[in-house]
Structure formats: structure tokens, C-alpha cells
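**Student:** Using the sequences and the hints given, assemble the complete structure.
Protein chains in written order, with the numbering used here: chain A, 48 to 369; chain B, -2 to 303.
FYI, nobody ran anything at the bench for these hints, they're computed from the structure.
In this text, all values refer to a predicted model and were calculated from it rather than measured experimentally.
Watch out, some of these pointers could steer you wrong.
Label-pair distances were calculated between CB atoms; the ranges are [said to hold, decoys possible]:
hint : chain 1 : residue 1 : chain 2 : residue 2 : range
1    : A       : Val113    : B       : Gly42     : 43 to 49 Å
2    : A       : Gly120    : B       : Val132    : 28 to 34 Å
3    : A       : Leu64     : B       : Met209    : 30 to 36 Å
4    : A       : Gln254    : B       : Pro62     : 58 to 64 Å
Just so it is clear, CB atoms sit at the ideal spot from N, CA and C, and this is done for glycine as well.
The primary structure of each chain is shown beneath.
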Amino acid sequence: MVRYTLSRLLALVPVLLGVSLLAFLLANLAPGDPAELALSQGDQEPTAAEIAAKREELRLNDPMPVRYVRWLGDVIRGDMGLTYTDSVPVLPELARRIPATVKLATAALLLALVLGVSIGTVTAVYRGTLLDEAGRVLALLCASLPSFAVALILIYAFAVILRLLPVAGYGDGDLRHLILPAISLSVFTMGTLVRLTHASVLEVMGQDYIRTAYAKGLNKLAVVLKHALRNALLPVVTVAGTQFGQLLGGAAIVETIFAWPGVGKLVVESIYARDYPIIQGFVLLAGLTFVLVNLATDLLYAVIDPRIRLGAGAQGRGDDHA
Amino acid sequence: MPSRVLPAAPASTETLQDEELFAVGEHSPWRAALRVLQADRAALGGLILLGLFVAIAIAAPLIAPYDPLAIHLSDKLQGPSARYPLGTDQLGRDLASRLIYGTRSTLGSAIPTTIGLLLIGLAIGTTAGYLGGWVDRVVVGSIDVLLALPRLILSLTLVGFLGPSLQSLLIAIIAVGWADHARIFRAATLAAREWEFVLAARALGASDLRIMARHILPNVIGPIVVLATLDLGHIILMISSLSFLGLGIQPPTPEWGAMLNDARTYLEHAPHLVLLPGLCILLSVLACNLLGDGLRAALDPRSRHR
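**Tutor:** Shown next as C-alpha cells:
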């Protein structure tokens, strides 16, 4: 297990380097001179001398590779530069917003997991019935509705008409503010998990050991809960991990609608303001989070399923053919 | 294969199904498609719905009652009436006309993007798979980096760096999306190289190009159509999401996502301004998903045994 963990950790290094290179290149190849952008926030037009001085200050005149290595060194030490709009350090600015986004994404993922797995399992067990059809339609709708449309419909129903829940805002951590954003964000993921669980349970239910369990005289509930679900949920674990990353992306939209003070809203605002350092910091942070969450799910998977760490752990992933 | 960061797909995730589709080399995908449309009413419904949207997009100038940009301030925020079949928006523009032209801007950008994405993915994926060596390693490395970031986040940041516009949005979608396709086509090419009839063709002295065009392509065209259909749905969602945020198609051009954003403020008094564009997005994406799922099921060897 240690060996497997180490080999997986080592494999992250080139990917993270790639992500950092991407973030660096994007900010430096994007239209507009960073020095000029940094100075021209607000109304006044910077003079040529000011721009030249700023270029010197930001050391933009060095060759690209030199700047990349220096920038990477800064980033590793936790220095992602200053924002253009307020000239405050980027990392604390992002870090301040992270808890709200993690709270939202976690709530959405839990909601999607609980509903997705139960609906997927029930529709698989009652395959071919009306329940199964309803589940299929629900999953299709979830995959076809954008989160912002769900959000606006929910706001209309629960905040405008019924006046049960707040329209927007963080509400100092009041959980009632979390309900609508979390549902809006979870819908797409829930649809994915319904389909995945459904397919996975169906596949497992066809296995010999399920027939054995029935032959032992176990009732359907015991077979499904004790024998089928344990194995059927393995792929769900993996996909739930990747979905967490997707949720962080989707959070940008949902946070903007609900005025939720998270990273996603900050990034959308920074895009309007062309505040490149924040966008750049966000790419790095998102890449790091996504990669670590995937690693965590892989390791969790290996803990659950010994075939992975014993069979292929030593020489990387044997079942990897992508 | 070097170890990858993304978890390998277990047997029943969709990713693996995508690749398994390509392993079927024997039967005609077109006949299969025809069969599924006869048997699967949902898929047929999807095809008809999608056809309807395409027809609306093409015939927009003929069927729209008004110029979608024409402002009638005295008639603003009206409900449906004989004069305005679906009512008017906050500037008194005819909602029906805006929805009809919205179909045009959405499909008009989504369909070319889907095709472009497929062609680029196909070119890069097959080249990498066929040539191998350092080309393959560079491509696989880039794919790993791109797939290490969520699609929406990457497109969002790309648009951020390029500056919000339709052009930036389409560039962003293609620049981010090709990795997924290239990965699938690369795997398919690697598999196709081992097919017996490809080996046989090679033994007969056929050139690489001929093998690709005559033997491999016809056998992967079905899965490509499935991918394209499902992708069209994703891209419609992506375009409307980013336009909703003001980062894609810019007002006053009618686009469903942007229209929803405009309508947010008037949610309380004119909910139809939100519901109808939302319904258009839902139906168009649903059409793609229904059709794509049906076709995928027809091509998936495992689903036929059920």
C-alpha cells in the first residue's frame, strides 16, 4: 500500500508541472501587457514611463523560461503575486473564499450521492417497472438541465412564491441559505450517479455470487444491501471523486446566482475585471485540488478493493489503457 | 502505459463504454442506427426534436413574427397575447422571435464547434496512436494535464484570459474539449491496429492511408456519431452557461442563456421570461441525450445481450 501510494504521488509531479506551465503561459500569452493591465485599473491611463518602470519591477523583460522558473519558485513558497484591482496578495484572497465553496460543493456532493445511489439502486432492483422508467426520465432531465435554470426555477418556487427560503447570500452560515444553492449544484451530478449506480447494480445482480446468495435463501433486501451494493458502489466512489472537481467548476455559476461568497464568484468577477493573477491562482488551486481528490479516491478504491494494490500497484496501474 | 492521474475507469462507467464501442468491428453502424430508431421511441423522439430545432434555426427569418432586436418600450414585460404570442421582455422585444433566433445562435455555434472538436480530436488522437514514439508521449502528456482540470473551470479561465466574447468561448471549448476525444480516438487507433482484417489488408500491401480510410474509418464512424450527438448536448449547455455568466454570446444577440440572465431581475413579475428560454435549453439538450443514448445502446455489444 505504501509503495502504491508513493508511485501514485510521484505520478502527480509531471501533471502538476504541466498545470503550472499552462497557468503561466495563459497569463503571459493572453492579450495585453501585464504591466499595463496592473496599472490601468481605475480611470487613469498609465504613461509609457510608468509602464516601463512596472515592467522592470515585475521583471517582465527576462526571457520566458527564466520567468517561469522564478514564478514557479514563488508559487511553491505560497506567493502567487498581487491582484491587479486592489494590489493585495492573491493566495490569501483565494484562501478566504475557499471554505464557502467547499461547504457548497460538499453539500451538493452528499446530496447527489444519497439521492443518486438510492434512486439508482431502487430502479435497478425494480428493473422494467414504472419506477425504473421514472428513474430513467429523471436521470435524463438532470443531465439536460443547466444548473442556472434549476437555480432560477428553485428561487422562483421557494423564495418568490412560497417565501420559505432566502433568495441569496451566505447568511452568516445559516444553513437555510445553503439549501437552494446546494440543490442547484447537485442536480447534474445526481443524474450522473443515478445512471452509474443503476448500470453498476444491474451488472452485479447478474453475477454468480448473487445467485448463490439467493440460493442460500436470503431475501431480496439482504442480497441487495449486503452483497450487491458493496461491489456495485466501487465505480461510484471513483466517479464521485471526479464529480467533486466538476462541482467546483459548476460552483462558479451557482455562486454567482446566489451571491455565495466563494472562489467561483471571485473568479467570475476577476474575469470581468481582467484580473489575471487571481484567475491564474485559481487554475493552480483547482488543478491541485482536483488531482489530490482523484488521488484520494484512487487510494480509497485500493483500500476497498485489494485487487488493485496487490495486482498492479508495483508497476503502476495494470488496468489503465487510456 | 505510464500511470495516469485520473482513475482508470471501472467496468461500467461511461468512459470505458466509449472505448468498448470501438472494439465492435463487424456490423454496419448505419443499420444498427436504423434499427434502434425503429425500436426505441425515445431515440426517435430525440431525433425528431433535434430536427425540429435545426429547422427552426434555418427558417428563423421566415417564422419569427418580429425582428428579435426591435424594441417596443411601451409594450414591455407583457404576458402572451394575440400581438405577442409569448409576451415581451423588459425592453418590449418579442419573446417568441428572440427564442426562435436564439435557436439559431445556439445551434449555429454549437454544431460547428462539435464538428471542429471531433475533427481536431480525431486528427490528434489517431496521429498519436498511429505514430507512437515522442509524438504520442507529448500528446498523452497534454491530455493528462487538460484532463487534470475540470472542463468548465478550464474553459472559464481561458475565456477570462482571452476576454469575454463568442469567439473566445468557442476557442475555449475546443481547446479544452479535444483532449477527451483525442484520448478515445487514440485508444481506438491502438485497438484497430490489431484487428485481423486490418492486419490482412496490410498483408495485402495496402498503404497506411488506404487502411485508415477504407478499413478503420467505416468501423469507427458509428461511435463517432454517438460521441458527436452527446457532445452537441454538452456544448449547448456550455455555451448557454457561459453566456448566462456574460462570458459568451453577448447581448443584445438573442441567446437562451443570456436571455435567462437578463430575465433574472424580473423573475417575480415575469417568470415566463425565465421558464421559456430554460425550456428551450432543456429540450434541445434532452434531444441530443435521447438520441445519443439510443445510438450508444444500439452499438454497445453488451446492451444487446440484455
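**Student:** Hints broken by the structure, by number, lowest first?
**Tutor:** Hint 1 is the one this structure does not satisfy, whereas the remaining hints hold.
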